[in-house]
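Undergrad: Sequence:
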Amino acid sequence: MKALRHLFPAMLFLLAACCSLPERDFFALLPDKSGSSMGGIMWFGDQPTSVTHTIRREGQHCLITLQYNPPAPGYKLTPELVRQAYGSLVSRDYTELLTPYITHDTDKTMQLRLPASCFRHSGGPWDYSLRLNFTAADGSPSKQAHHTVRLYSGCPEPGALRSNPYFFDKTYPSNKKSLQELQQAAHNCASIRLFTHHFHTGRKTAHSFSPADVNTLRGIIARLQPVSTRHAMINPTSTSELQLLNADGKVIYNLSPRSIASARMVSPENVAMMGRYMLHHQDESTWKAIFAPFRQ
506 MKALRHLFPA MLFLLAACCS LPERDFFALL PDKSGSSMGG IMWFGDQPTS VTHTIRREGQ
566 HCLITLQYNP PAPGYKLTPE LVRQAYGSLV SRDYTELLTP YITHDTDKTM QLRLPASCFR
626 HSGGPWDYSL RLNFTAADGS PSKQAHHTVR LYSGCPEPGA LRSNPYFFDK TYPSNKKSLQ
686 ELQQAAHNCA SIRLFTHHFH TGRKTAHSFS PADVNTLRGI IARLQPVSTR HAMINPTSTS
746 ELQLLNADGK VIYNLSPRSI ASARMVSPEN VAMMGRYMLH HQDESTWKAI FAPFRQ
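Per the numbering used here, the very first residue in the sequence shown carries number 506; after that it's consecutive.
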């Protein structure tokens with residue numbers, strides 16, 4: 506009973522946290538004009554079916570173009586919009602048929618024009634996905650193939666921390682502690698340099714930042730906020746580190762630029778893919794400009 510008395514307030518706190526996540530404008534997260542193209546493979550029995558979609562935001566509409574090969578002649582493609590709630594203790598998924606928004610349809614292509622209201626539901630925040638259903642000519646549900654793709658993958662999906670090695674997330678307190686150490690090192694350091702190592706060529710380079718850029722980086726680091734981290738397996742071809750040095754040229758702290766995420770890359774649940782700290786919104790353009798010369 507004593508354990509339950511301690512557990513009950515914790516559950517109430519968790520429920521309150523889940524119900525008070527910040528809203529966001531999902532439509533604003535969609536790519537603007539330039540668009541993005543993604544492909545996928547769905548399996549119908551032992552036959553693969555390729556699907557490619559291009560999405561772009563134009564005015565107050567989202568334009569989606571689909572190119573695909575049906576699993577067999579006569580099969581029909583039916584698109585759905587799926588929204589999934591962030592911060593929900595139980596799964597909250599809703600689907601909407603997109604048939605009214607189809608502007609062009611052939612046996613291998615489809616175009617949709619969705620109003621912004623399709624991505625602005627109350628009671629969120631929400632994550633949106635496109636689900637493609639192939640059905641036989643007679644509509645038989647037993648002969649369906651499905652393919653689902655998130656429409657914005659820049660930040661983790663709802664419940665992303667469930668895939669971490671531990672059931673109870675331990676990344677946030679660790680990131681919070683390490684951020685305090687980083688900010689102290691940034692305050693004390695005499696200089697900062699960017700060190701890169703390319704694995705295939707073995708080339709190692711170090712670039713020292715100007716005193717003005719060092720002061721700018723100090724200010725940016727002072728305004729960073731800790732986030733939870735979704736772990737993932739990656740195979741990088743190179744590594745980059747911000748090295749903070751003391752007056753004797755000794756490295757007192759190493760920081761991976763990959764660990765710093767923009768607000769667009771942090772989910773409403775305060776989770777970033779491989780990120781540990783979030784940039785203040787006022788610093789995003791400055792951070793990008795400082796590192797632009799080193800991007801390949």
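No wet-lab data here; the hints were simulated from the structure. Fair warning: there could be bad hints in the mix.
[Claimed, not checked] Calculated lysine-lysine pairs in the DSBU-like style (CA-CA distance at most 35 Å, straight line): (1) Lys709 - Lys682; (2) Lys538 - Lys613; (3) Lys675 - Lys613; (4) Lys581 - Lys613; (5) Lys675 - Lys793.
[As the list claims (entries may be wrong)] The calculated label-pair distances, taken between Cβ atoms and stated as ranges, are: (6) Ser596 - Gly564: 18 to 24 Å; (7) Ala752 - Thr653: 53 to 59 Å; (8) Met779 - His692: 47 to 53 Å; (9) Phe799 - Gly564: 32 to 38 Å; (10) Phe799 - Pro620: 48 to 54 Å; (11) Glu528 - Ser696: 19 to 25 Å; (12) Ser596 - Ala794: 37 to 43 Å; (13) Asn693 - Ala768: 25 to 31 Å; (14) Pro527 - Ser696: 22 to 28 Å; (15) Lys538 - Ser715: 32 to 38 Å; (16) Pro527 - Lys755: 39 to 45 Å; (17) Arg728 - Lys613: 48 to 54 Å; (18) Asp643 - Ala794: 27 to 33 Å; (19) Asn693 - Gln616: 54 to 60 Å.
Cβ atoms here follow ideal geometry from the backbone N, Cα and C, with glycine treated the same way.
Undergrad: Run every hint past the structure and note whether it holds.
TA: Hints, verified against the model:
Taking the CA atoms of Lys709 and Lys682, the gap is near 30 Å; set against the 35 Å cutoff, the hint holds. With a C-alpha separation of about 24 Å, the suggested pair Lys538 and Lys613 falls inside the 35 Å cut-off, and the hint holds. For a cut-off of 35 Å, the pair hint linking Lys675 to Lys613 is broken: about 47 Å separates their Cα positions. Restraint check for Lys581 and Lys613: the C-alpha separation of about 10 Å stays at or below 35 Å, so the hint holds.
Proximity of Lys675 to Lys793 is assessed by CA-CA distance (about 29 Å); at most 35 Å being required, the pair is judged to hold. Against the hinted window of 18 to 24 Å, the Cβ-Cβ separation of Ser596 and Gly564 comes to about 33 Å, which falls outside the hint. Evaluation of the 53 to 59 Å hint for Ala752 and Thr653 yields a pass: the beta carbon distance comes to about 55 Å. Between Met779 and His692 the beta carbon distance is about 26 Å. The supplied range of 47 to 53 Å is therefore violated.
Checked against the given bound of 32 to 38 Å, the beta carbons of Phe799 and Gly564, roughly 36 Å apart, stay inside it. Here the CB-CB span from Phe799 to Pro620 is close to 41 Å, at odds with the stated 48 to 54 Å. Between Glu528 and Ser696 the C-beta distance comes to about 42 Å, which lies outside the given range of 19 to 25 Å. For Ser596 paired with Ala794, a C-beta distance near 41 Å keeps the hint of 37 to 43 Å intact.
For Asn693 and Ala768, the Cβ-Cβ distance of about 28 Å falls inside the hinted range of 25 to 31 Å, so the restraint holds. In this structure the hint that Pro527 and Ser696 lie 22 to 28 Å apart at CB is violated, the actual value being about 37 Å. At about 35 Å, the beta-carbon gap between Lys538 and Ser715 stays in the expected band of 32 to 38 Å. Judged by the Cβ atoms, the range 39 to 45 Å given for Pro527 and Lys755 holds: they are separated by roughly 41 Å.
Separation of Arg728 from Lys613 is about 50 Å and conforms to the stated range, judged on CB atoms against 48 to 54 Å. The supplied range of 27 to 33 Å is broken by Asp643 and Ala794, whose beta-carbon atoms lie about 58 Å from each other. A C-beta distance of roughly 57 Å is found between Asn693 and Gln616, which places it inside the suggested range of 54 to 60 Å.
Violated hints, in rising order: 3, 6, 8, 10, 11, 14 and 18; the structure is consistent with all others.
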